[in-house]
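> Chain residues, written in single-letter form:
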Amino acid sequence: MKFLREPLVQFLFLGGLIYFAYALFSPETEEDTSRNIVVNKSKVEWMQGSWKKRWNRLPTQEELDGVIEQYVKEVILYNEAIKMGLDKDDGVIRRRLAQKVEFLAKDLVVYTPPTEQDLKKYYDEHQDKYTPEAMYTFTQLYFNPDKRGNETLNDANKAKEILNKERSIVQDYTRFGDNLMVGSYFEANRELHIRKNFGTNFTQELVKLAPGKWHGTILSGYGVHLVYIKEIVTPPVTPFSEVKDLVLQAWTRERQETLNEEFYAALKEAYTIVVEDENVSVLNKVK
Amino acid sequence: MRTHIKITALSIIASTLLISSVNATEVKKEKHYILPSQNATNVYFGDAHVHTSMSLDAAAWGSTITPEDAYRYARGEELTSFKRWKTKLTRPLDWLVIADHSDGYNFTNMVAKGDPIIVKEKLGKRWHELLKTGGEKERRIVADEIVKGFGGGSKMPWRLADPAMLAPGWKQTLAAAEKYNDPGDFTAFIAYEWSSAPGGDNLHRVVIYRDDGDKASQTLPLTMSETKDPEDLWKVLQAYEDKTGGKVLAIPHNGNWSSGQMFAGVKINGKPLDKAYAKTRMRWEPIYEMTQIKGDGETHPLLSPDDEFADFETWDVGNLSFSKGVTSEMLPGSYARSALKLGLQHEAKLGVNPFQFGQIGAGDSHTGLPGQEENQFMGKSASSEPDAERWETPFRTSEIGTQPGWSESASGLTAIWATENTRGALWDAMKRKEVYATTGSRLKVRMFGGWNFKSGDDQQSDYVALGYEKGVPMGGELKGDSKAAAARKAFKTGKTSKSKMLNFIGYGKSAPGAAPQNDGKDYIGIAAEVAKLKKSPTFLVVAMKDPIGGNLDRVQMVKGWLDSKGKLHEKVYDIAWSDNRIQNPITGKLPPVGNTVNIPEATWSNTIGDTQLSTVWMDPDFDPDERAFYYVRVLEIPTPRWTAYDAKRFNVKMAPEVPMTIQERAYTSPIWYMP
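Going line by line, the protein sequences match chains A and B.
Per my numbering, the very first residue in the first sequence carries number 832; after that it's consecutive.
Per my numbering, the very first residue in the second sequence carries number 50; after that it's consecutive.
These aren't lab readings, by the way, just hints derived from the structure by calculation.
Ideal placement from N, C-alpha and C gives every residue a C-beta, glycine not left out.
Treat each hint with caution, since some may be false.
[What the hints assert, rightly or not] A few chain B positions that, by computed beta-carbon distances, are all more than 10 Å from chain A:
#1 Asp-143
#2 Val-315
#3 Thr-660
#4 Pro-673
[As the list claims (entries may be wrong)] Listed below are the simulated BS3-like cross-link pairs for lysine-lysine, each with C-alpha atoms no more than 25 Å apart in a straight line:
#5 Lys-316/B x Lys-169/B
#6 Lys-171/B x Lys-204/B
#7 Lys-614/B x Lys-398/B
#8 Lys-904/A x Lys-174/B
#9 Lys-398/B x Lys-914/A
#10 Lys-883/A x Lys-638/B
#11 Lys-480/B x Lys-931/A
#12 Lys-874/A x Lys-162/B
#13 Lys-951/A x Lys-1075/A
#14 Lys-284/B x Lys-228/B
#15 Lys-951/A x Lys-137/B
#16 Lys-978/A x Lys-638/B
#17 Lys-169/B x Lys-904/A
#18 Lys-614/B x Lys-931/A
#19 Lys-883/A x Lys-480/B
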């Protein structure tokens, strides 16, 4: 019965059911484009039912009249709005209806709970997620372009040559380089922390480097750097038993997303889409 | 939450794997494996104030972002916003304060769902129907009515302090904070906002717990439906601490929307501030949120006419409810700098300064999305998320005027100097005011004040250690020598002659060393003290640009002081600047840094400005008998404002009055000098 588990099938099936039920219980309002509004018995019963649900009692005659009047007013205005085409090209209505379908789909997307094996498999496939990040102990020498101008790169390269020849590991900038507010020696920093201090480019370069040698030049938002990595500590992957909850969370989220995407993709297949304006926006708007 | 690896595992890793120079026992004790670098402290950036859909107005404006979503966003994950933008911070935040309004906690969600408590009231039913059937327009009507209803003091059919209204939502928020708090990597503070607004004037306070959920869950947040008087809030905070042994503080914000009530000279009951008030206020409110989306609150151009950078993201049309227009009499009680000055006056009179606060920034966004950035400003509320029209859609409008949409400010952040990223360490730093505000940038700035900093100290690689050794950090106090002050007083009021004294200490006409005739007064002792106190305080200041932001234009020292006649003064000194510019020898003014912004393209280049600026500065106008405060303002070079990014992105032409560039800045907490 795998076929029945497909979200689109479920959706179409339930969608059909909803339509059918609606048509059954309120055929008048549905088919009647003339000016007849019939509030039939089933409609009234439905109103009484939802009143009871909210108030835990049936409405009085007066209250029921009020509800019916409210309903009739709504239907009349709704019909007029549709006739006038007010539903067309209204962003709010579009968004609201789209949301309704999304919510509906969300409830429909049912997945079989994962077995221990499923989770273990996910864990094995995503080991990087459950491995604490590597820690880098390093010294950076900073060459300030505000001070050195065109000589900045030259100065850095010269310093690198001398340091590597001498095999020296300085921990501050006193001999070469310039003062940098955040300091020069960093102990057991993870990528996130290096990125916070030096930005993305510097960090991407640094994590590629091997320990025991001066490397450079590396650029950051501040200028030019030489880097010496003293040590990289890579902790082992955390055992499955300790991260089982996290694996379950991740598995569920991923599964849900996949199903939602599949559902949308299946709907989309029936459409031909032409985008006439190819302007690319800085923010990546949801497609 | 992969970083939420269990502590035990880490300790094992730490003790077995970390070789050399890592103190495993310390790692174990601190319960996480981030080791402090050799620097004494680190800086942690966060947003001290964001609203999620738990806030009645945020949800009414359309946000559906939950506290859990907000934490995930702060940690760098991608979210889909109300207007269907996929959005993600350029860099994760280190910590986050979710501060939803306690009044009507979760209220709009309950209205939207048609909770029985809500729809049994006529008003609630109306709102429910409007939200259920209406679109954007109805949502705005409901939002406005809710905000006005609860903010304007009119009678509401619900008792918002009713635990049945408040507790379920509060419990959800606590659970989210506990789930996402990750000591060492990310701090999720437990907090709420007490949104007092007597007469529509904003007296809001964000209440932040130092504690975990076990303590914070023992009481419910205070609502303004119970009281609008900050003094009552302080009593409630005291009661919380007494009951739980926990710790809590409160942070006011948006004095610029308070009609001058935020820093008024009188209490809510109209009586003048007294010593007990001053002490209690400082006990609970060590810092002030002075820059955020609803305007920058450092100062106003009318308050600081000599400060050419004073008119910055100014919001001076009305109060919170937009029922009163701003008048010039309201300004001194509305802005941070003038409040710091007024505090000196109160201190002279009462012996305690009620406004001795540190400075922080926050977004106060009602989108559930913290950490505003110019290049992807997500707006104040769901309705002001990016689109082609938000710049011209008024933020608020009434008969008193209009606060335009384009005036929303993509600000700000709080930077905390602390030893580690935990609730305890960050909260303690807020309490001691070792914090600063930025308008969104992550530029770094340190300031130390002391009596003995020497020029060149800022160039030392161990300047941080030096700073703590020889001075106090931002938020600290420098105390005058009381004996010397007494001697000066004797000198000023006594029979001793001025010329004799000046002669003696080498400032007079006669040669130094010629001892004055002994006429019965201890000149030598007095003169020695006077000489000692002639020395001005010195400040060690180091600033560094945001690694992905604009270069630095200049570092300024803002000084405020109270003279012997009881008059208040302020002065802004340029103390370090970029590109070897020369100050005008006559005016002393520094030429502008220039402007590289390409407005149509919304780009700029760091070809002007410096990456770092530092100095040791000595106050040239110091008088040891005058109480004073000093804080640092750092300016970046001009970069594109969010309006420029919007104009480019949506291809719209905005009105000429809309600013397109901005000089992002940081404001440190002050250091106070007390004679």
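> Find the hints from earlier in the document that the structure breaks and name them by number, from lowest to highest.
Going through the list in order, the structure violates hints 1, 3, 5, 9, 10, 11, 14, 15, 18, 19 and respects the others.
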